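Undergrad: Listed here are the chains, written in short residue letters.
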Amino acid sequence: MTLTTPMIWIILPLVVAAVCVVLNKRRVFGLILTSITAFGLALLAAFFPEEMALSIGPLALVFEDSLTILGRRITLAYEMLPFIAFIFGMLGLWGLSSNLPGVPETFRPIGLIMTASLTAAMGVEPFLYAALLIETAVLVSIPMLASAEQVNHRALLRYLSLMTIAMPLILISGWLLTGVVILPPESPLIGQAAMLLGLGFALWLAVFPFHSWVPMVSHGSHPTVVSFLLFILPTTILVFGLNFLNRYSFLRTSEEIFNILRLVGTVMIVFGGVWTALQDDLKRAFGFAALVETGFSLLAVGFSTEGGLRWMLMLFPARALGYWLWGYVLTRFEHHNGSLEISTVKGFARSYPLLSVGLLLAQLSVAGLPLLASFPIKIALLTQTAGSGGGVGIWSFFGSLGLFLFTIRLLLYFVMPLDDEIDRLWPTLEKTSEFLPVLVLVLVLVLIGLMPNTFLAWIANILTAFPQLQ
Amino acid sequence: MEVMSTFAFVLIVITAMAILIFRDWRINAGALALQYLAAFALVTLSWPIGLAIVKLITGWMATAAIALTCLRQKNTKDSIESGASLVFRGLSGLLIILLIFILTPTLQARVFPQVDLLILQGGLMLVGMSLMQLGTNSEHYLVVISLLSFLAGFEVIHAALELSMLLAGLMVVVNLGLALVGVYFMIRVGEPDESSEDEALA
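Respectively, the protein sequence lines represent chains A and B.
For the first sequence, our numbering gives the first residue as 140, with consecutive numbering after it.
For the second sequence, our numbering gives the first residue as 398, with consecutive numbering after it.
Hints in this document: simulated from the structure, not taken from any laboratory.
The reader is advised that the hints may include incorrect statements.
Said to hold, decoys possible - Here are the in silico distance ranges between beta carbons for each label pair:
| id | chain 1 | residue 1 | chain 2 | residue 2 | range |
| --- | --- | --- | --- | --- | --- |
| 1 | B | Arg507 | A | Arg166 | 50 to 58 Å |
| 2 | B | Met398 | A | Arg166 | 54 to 62 Å |
| 3 | A | Leu328 | B | Ile494 | 24 to 32 Å |
| 4 | B | Gly480 | A | Lys164 | 46 to 54 Å |
| 5 | B | Ile494 | A | Ile175 | 50 to 58 Å |
| 6 | A | Asn238 | B | Gly532 | 38 to 46 Å |
| 7 | A | Ser393 | B | Leu496 | 27 to 35 Å |
These figures come from a predicted structure and were not determined experimentally.
Heads up, the beta-carbon is just placed ideally off N, CA and C, and yes, glycines get one too.
Could you put the whole structure together from the sequences, leaning on the hints where they help?
TA: Structure follows, in structure tokens:
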């Protein structure tokens, strides 16, 4: 029996999403189905045999890596499977938290559809059509992000508009680039194509000044949903961007382009860091911190020739786990407290000690505190940045302090007693079911921080799918 | 053929201006439907009619979805605007038209030599007008109509560059998805505010 890999990692999640939509009132069933599907597909991708054949008892399954649709092919090659395993694994993790208070019922099917669309985007040929699949994922994401607030609608319309404008830019620049290969290096068309491409990616990645929707959506939508969106979209867009570097040698060899990427990355780190430090709203702070992380990814791409792409890829799992924990604790706090203004979480370390520690460690892990997951990669990246000169290193370092400062501010609020509580005992209000996931995740973050190569290096194997970038 | 494409271009200019200037959903929906007809006429210059008609049908379906939702919304208000704001938007539209007439010959010569000038002008007219519209209002259905116009403009130009069934299929998904998102927003806005209801009950 012959199957294709796109049927497994694209069609099957779409079918499961349809089942979740039909049975959307059965939340527990939806949670189990989504998580089992996502974790199952992640495990299958992680342990898929290189010869693309599986034997289950008497049944012998042979897999092809391509599926033809309307005359074009979607190819999920063996080399891309680590990345697919990663995004499906993370979908499973977010699926587990889809029954938290306030998470929209649409989150599970939309999560599956988005992950399937973005997986298809990784393998569609010609690769430029991925822009349309990414746009599809954006369109699908709207219902899970929408809340009853008008402000939230304005944020979503901005998000939708910027993402939609990006898609044609990528398609047109891709068309221009196909002609660029045969042009002499001094041709002005090369610069024009690169400019359109850069603009398209800047819109997609919410690069300054196209960033405004990120904190707005982060503020107005559910934290669990936002954390998923801010994880999956930039991650897949950045991996999709590797296609361009792999295919067009003028992009790979242009020192100017790498300098621009470093500069843009640094601007995002500084800008996002300063705004994170000054935030009074925990959800908005998360949005700005996500911008800083995009900045780090761009900075890493800027150091491609020094191994930056490996750092960019290795940051993904550490960041994703940090985001999940961050979104999880914010969801719990929002449920308990209603508001997530920093002044309203006074004394939370007394009532919710382990959840508070979880939030602080999630932030510190994303920020790159020693012993936590992102630290080994960020220190390598910042060391490289500091050695490159031009002020990029020092600015990146100061920018990355923004999240540390915000965390210290938050810690002070967490331990600050309420006026009527000074002489009283500290009543703990959190339940075991609430803080158990926090303890597990913190343990995982510490383990990754202690053994980064064991837990993070595998994802860099996807670079074998981009032969020119190894 | 040339007469038809010139007529289509003129229709694009008129409908794009109408969408930019007026805020009445009836005028906008009608203009959007005509705009898709004109875009279809320009796409037929590059694609076979059998494939180009997909864009027309998709566009009309998207328009119908938005128009019917506007029709059903009980709280859709007919906004009364001052003459000055209409004149301002009209002038900004004229500026876009002027800009496109100045820029397109150079753009055609340098970047898109194989694309007909009318196609380029028609496509860019839609793109330019819709970007201006996006920059000047934040009303749900107008934003979605602007995005649909923007994509229609892009499709007119891209059709002259590439012929692909998969691309056409994906564009159908994106256009209809966008219209559905617009409908979703309009319905959410039309819903009574849950928080205010809760307060009233309390």
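Undergrad: Look at each hint and say if it fits the structure.
TA: Going down the list of hints, with the structure as the test:
{"no.": "1", "hint": "Arg507/B with Arg166/A: 50 to 58 Å", "verdict": "57 Å, holds"}
{"no.": "2", "hint": "Met398/B with Arg166/A: 54 to 62 Å", "verdict": "58 Å, holds"}
{"no.": "3", "hint": "Leu328/A with Ile494/B: 24 to 32 Å", "verdict": "27 Å, holds"}
{"no.": "4", "hint": "Gly480/B with Lys164/A: 46 to 54 Å", "verdict": "52 Å, holds"}
{"no.": "5", "hint": "Ile494/B with Ile175/A: 50 to 58 Å", "verdict": "57 Å, holds"}
{"no.": "6", "hint": "Asn238/A with Gly532/B: 38 to 46 Å", "verdict": "41 Å, holds"}
{"no.": "7", "hint": "Ser393/A with Leu496/B: 27 to 35 Å", "verdict": "31 Å, holds"}
When held up to the earlier numbered hints, the structure conflicts with none and fits them all.
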